[in-house]
Structures are given as C-alpha cells and as structure tokens.
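Numbered by mature numbering (1 follows the signal peptide of the UniProt record, and there is no 0), the letters in the sequence shown go through residues -22 to -1, 1 to 247 in order.
FYI, nobody ran anything at the bench for these hints, they're computed from the structure.
Do not rely on the hints blindly, as some may be mistaken.
In the DSS-like style, the derived pairs of lysine-lysine whose C-alpha atoms are separated by at most 30 Å in a straight line are [said to hold, decoys possible]: (1) K217 <-> K51; (2) K150 <-> K20; (3) K120 <-> K51; (4) K229 <-> K59; (5) K38 <-> K20; (6) K150 <-> K32; (7) K229 <-> K217; (8) K59 <-> K120; (9) K38 <-> K51; (10) K20 <-> K229; (11) K122 <-> K20; (12) K20 <-> K85; (13) K20 <-> K58; (14) K58 <-> K85; (15) K38 <-> K229; (16) K235 <-> K217; (17) K217 <-> K20; (18) K51 <-> K20; (19) K150 <-> K120; (20) K122 <-> K58; (21) K58 <-> K114; (22) K38 <-> K58; (23) K51 <-> K235; (24) K51 <-> K122; (25) K235 <-> K59.
Okay, the calculated beta carbon distance ranges per label pair [to be verified]: (26) R162 <-> K217: 27 to 33 Å; (27) G123 <-> T30: 17 to 23 Å; (28) R226 <-> G180: 22 to 28 Å; (29) L149 <-> A86: 34 to 40 Å; (30) K114 <-> K85: 15 to 21 Å; (31) D240 <-> G93: 18 to 24 Å; (32) P11 <-> K38: 17 to 23 Å.
Think of the CB as a built atom: it goes at the ideal place given N, C-alpha and C, for glycine as much as any other residue.
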Amino acid sequence: MRKIALLLAVPLLLLAACTAEPEPERDGLSPDPPPGQRWQPKPGVGWQWQLTGKLDTSVKAAVYDVDGFNTTKEQVATLKKAGRKTICYISTGAWEDFRPDAAAFPKALLGEGNGWDGERWLDIRRLAELEPLMGKRFDMCKVKGFDAVEPDNMDGYANRSGFPLTADDQLKYNRLIARMVHERGMSVGLKNDLDQIPELVGDFDFAVNEQCMEYEECDRYVPFIDAGKAVFHVEYEGKLNRWCPRARAAKLSSLQKRYDLDAWRQVCQ
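Using the sequences and the hints, build the whole thing.
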C-alpha cells in the first residue's frame, strides 16, 4: 500500500511543481537580528554603495549603503519591504557646505579642505558642540528607518586637518559617535581609520574600506572578520579578476565602483 501511495503521489507532486509560483531569486539577504538586539552584518554579505544619482532600488544586494540626507523615508521603506538592510551615510568628521544643516556649524569648527569640493575637516576635539549636531543627523537616520550608520571622515587626525588632532582625540570622537548611534538602536561602521582598528573593533559593528587591495592593507581588517563582523570593501582601480580571489579568501564584501559612487557596480563572482 505504501508503494501504491507513493506512485499516486508522484503525479500530484509534478502537477504542483508545474502550477506553483516560481521561487524568488536568492540573493543572500541579511537576516533580522534577534528581538532587542542590533543588526550585525556577517562577513561576506553582499552590498550596494550608492551616494549619487537616482537611487536604484532594484539591485539584488542584501545591504544598501546610501546617502542619509538624500534618501527618503519612503525609499528606505521600499528597500526594507524587499528584505534589504540599509546603512545611512553621514559625514561626521568633515563639514559639507551643501548639506541643509551646514549653517548650524560654528566657523571655529571648520578646518582645512579634505580634498572634496565644499568639504572641510572638523575640529573633533570640540565634543560639546559636535555631539548635538551629529545627534540630529542620527535622529534623522532613525526616523527614516535605517538599520545602521556609516560615519565618514573618521580619521582627521591622520590628515592635514588644520587642527593639532591626536590619535587620542580621534579615539574619543569615534567612540562617542559609536555610542550615539547605538543609543538610537542602530548599528555603526568604522570607515577607514586602519591604524585604530585594534582599539575600535569592539566599539563598531562592521567596517567600510576603500582600496585596501590597491594599497595592500586588507589584512589589517582581520580583527573585524575574526569577530564575525562584515568588512564592506570597494576598489576603484585595477581589474576585478586580479583582486577578487584574494577578497573572497579574506571574506570581504567587495565591490568595484566608480569614484562618483553612482548605481553602477561589479561584484566578485
């Protein structure tokens, strides 16, 4: 009787397979965190980084890192509905003259240019003045529904900022930024600042790096990988097939992008 039942069941299973809805394409979505915990992206998770141009929400990437000011609450909701995690890009170490809150920054906070038009390093020693300014930006990220924050320009002490910044100044500021983001229930990433990775890996939930393959620095992200934390990595120069094998072996989440960080991307296969 069991053999007869199985024979009868086979045509039914074939019929069901023919009439069922096609299974959606798998794209490595990043799982939700347990209740009451922050999202923790894992090494190797796929991502998209777009800071300019019309936002393309159709990219099959588990994580989107997008501009916090220009991305709307509705766009974040669209990405969330599709199962994507979202990172709010905010410059925390440099002032940008094109942001809507630019006039709120006292002139005494503004240092030398950081190499990008309209941007100047901030005096990160002045925590009492910077904390409320950055707090408003992080509040905006939270209200829009972001899962995490990418604070940029987090290594002013290692550049010609116009201020006598020290490594200790940078550690204090970076830890303040991490704490503020965590207090709002979001995850936070360490952007570049490779020299301070050993001191800061415990304060940050993931890392974001530009060109560690080009400058032969990717091995410095081992502390993040060993801690089970994603390293979102981008290269602008060089051929994809030359560095991708090393990126995969290092468990990096790697992309080839153009310098303007529009929607175009190439991923390691």
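Looking back at the hints listed earlier, which ones does the structure fail to meet?
When the structure is compared with the hints, numbers 1, 6, 12, 14, 26, 29 turn out to be violated.
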